[in-house]
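Student: Under numbering that gives the first Met the number 0, the first residue of the sequence shown carries the number 0, and numbering increases by one thereafter.
Hint data in this document are derived by calculation from the structure and do not stem from the laboratory.
All C-beta atoms in this analysis are idealised placements derived from N, C-alpha and C, irrespective of residue type, glycine included.
Check each hint, because a few of them may be wrong.
[Claimed, not checked] What follows is a set of in silico ranges between Cβ atoms, one per label pair, in the way DEER data are often shown:
(1) Val165 x Tyr28: 28 to 36 Å
(2) Ala236 x Gly154: 34 to 42 Å
(3) Arg388 x Ser29: 38 to 46 Å
(4) Lys315 x Val196: 58 to 66 Å
(5) Asp31 x Val239: 52 to 60 Å
(6) Ile329 x Ser81: 51 to 59 Å
(7) Lys315 x Glu470: 39 to 47 Å
(8) Thr410 x Tyr22: 36 to 44 Å
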Amino acid sequence: MSKLQFKWLGVLAAVVVALFLLYPSVNWYSLDAAERQKLESYRMRPKWLLNLGLDLKGGTHLLMELDVAKLDPKADLNDALSRAIEIIRNRVDQLGVAEPLIARQGQRWIVVQLPGITNSAAAKEMVGKTAMLEFRMVDGSEAAQKALSKIAELGNPFVGEGSARVTVSSSAAKLVPEADELVRGKENSLYLVSKNVPLTGAGLETARVETGGSYGAPVVAFKFKPEAGVIFGNLTAANVGKNMAIILDGVVFSAPTIKSRIGGGSGVIEGNFTVEDARNLAIVLKAGALPAPVNIIEERTIGPTVGEDSIKAGIKATALAGAFIFIFMIVYYNMAGLVADLALILNLVFLMACMSYFGSTLTLPGIAGIVLTIAMAVDYNVLIFERIREELALGKPVRIAVDAGYDRAFTAIFDSNLTTLISSTFLFQFGSGPIKGFAVTLVLGLAISMFTAVWLTRLIFQSYLTNRDIETLSI
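Given the sequences, and given the hints that come with them, work out the whole structure.
Tutor: Okay, structure coming up:
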């Protein structure tokens with residue numbers, strides 16, 4: 000096998016691999032939206048898939064602010080924000096969102112983009128819940144019951160309802176025993192619980208949905224880590240006959256009576272949950288509590304139809320750009336232009352295949368990066384062809400002129416690629432979301448363009464000129 004044949008075998012193998020990698024994406028997006036959603040719910044997405052970003056698929060965009068005022072005074076802000084991002088990422092991962100964006104912005108803001116999630120209320124409930132789980136003893140003394148009766152006569156004892164900061168009114172606070180705290184129940188009932196918090200959700204090992212509540216209603220079953228399990232066992236043993244309040248984000252979900260010591264560190268949380276509510280609660284409990292509450296300061300929902308329109312517009316722009324370039328290259332460079340067009344088609348195939356392999360997310364700026372890649376790939380061939388024309392004008396033989404054209408144009412092409420690569424690297428490092436998508440397509444496009452526009456087109460010319468006495472070249 001000759002050297003040229005060996006190179007063509009490599010090109011053929013690369014094309015076959017690229018088409019193999021592209022097939023899952025083509026097959027996936029040929030399904031209707033309902034079928035894709037059903038398969039996604041069963042975690043049956045293909046391994047190699049070109050994902051669509053928020054602007055193409057539709058979904059929810061949230062800008063969240065960490066409530067620094069409620070942060071532990073001893074906590075470091077940077078560490079707290081990093082921890083909040085990690086916890087939110089764990090929650091989203093368990094939710095099964097494909098290619099979410101969760102990134103820091105500024106000193107205390109977090110950007111969350113959830114492609115495919117158009118129910119913003121459910122997204123906010125899932126992602127923004129503080130999930131501070133506490134186990135406290137209910138004050139069942141006679142004095143506490145009398146205080147509760149008097150507080151109930153005052154009407155609503157809480158002020159600041161509907162805001163981020165809800166406090167007990169001054170008149171109700173005077174009636175609360177010094178060692179207790181007034182807490183609202185899930186059904187608007189009132190509880191006086193001990194200020195002492197012997198156990199929190201930080202000691203949880205697992206949380207899952209089970210059926211075991213009233214009339215088979217779903218409950219959230221939890222299990223503590225070994226150390227916390229010992230504390231839980233001792234706590235229940237010391238308070239047999241009393242009520243333990245299970246408090247999530249300042250609301251009592253249940254306050255069961257301790258009938259005996261509960262060993263093994265296991266228990267359940269009841270609260271008249273729907274299956275979806277119980278599932279979401281289990282997810283946030285497993286992921287852990289945020290170091291401080293987060294407030295939604297910006298919210299956008301992009302519908303799937305908007306995404307579909309964006310895809311159509313992007314495909315149309317890419318197709319028109321490609322068509323005009325194809326026509327120009329053939330008209331201006333004749334046969335050589337046809338060679339460049341063939342390389343350009345393979346450029347697109349290889350680029351989309353690489354993005355599918357890496358599971359990259361395609362966004363509108365990413366499509367812009369693809370169009371720019373097309374233009375740059377053609378630009379490389381224009382540089383090469385013009386150098387070949389110059390060599391032919393000097394009277395050099397065709398084969399020597401072609402080799403000289405590629406060799407002398409390579410330096411300019413390499414320098415151009417290097418500077419673009421540097422700028423793309425900084426865009427990827429310091430950008431977020433769509434900016435990163437643009438940088439990824441641009442970097443991949445640069446590498447692939449060097450292969451197709453320089454190496455592959457040269458291989459075509461070499462194959463054409465080998466063992467032939469060519470005196471003129473259609474360029």
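Student: Hints first: check each against the structure and report whether it holds.
Tutor: Hints, one by one, checked against the model:
| no. | hint | verdict |
| --- | --- | --- |
| 1 | Val165 x Tyr28: 28 to 36 Å | violated, 46 Å |
| 2 | Ala236 x Gly154: 34 to 42 Å | holds, 39 Å |
| 3 | Arg388 x Ser29: 38 to 46 Å | holds, 44 Å |
| 4 | Lys315 x Val196: 58 to 66 Å | holds, 59 Å |
| 5 | Asp31 x Val239: 52 to 60 Å | holds, 58 Å |
| 6 | Ile329 x Ser81: 51 to 59 Å | holds, 54 Å |
| 7 | Lys315 x Glu470: 39 to 47 Å | holds, 43 Å |
| 8 | Thr410 x Tyr22: 36 to 44 Å | holds, 39 Å |
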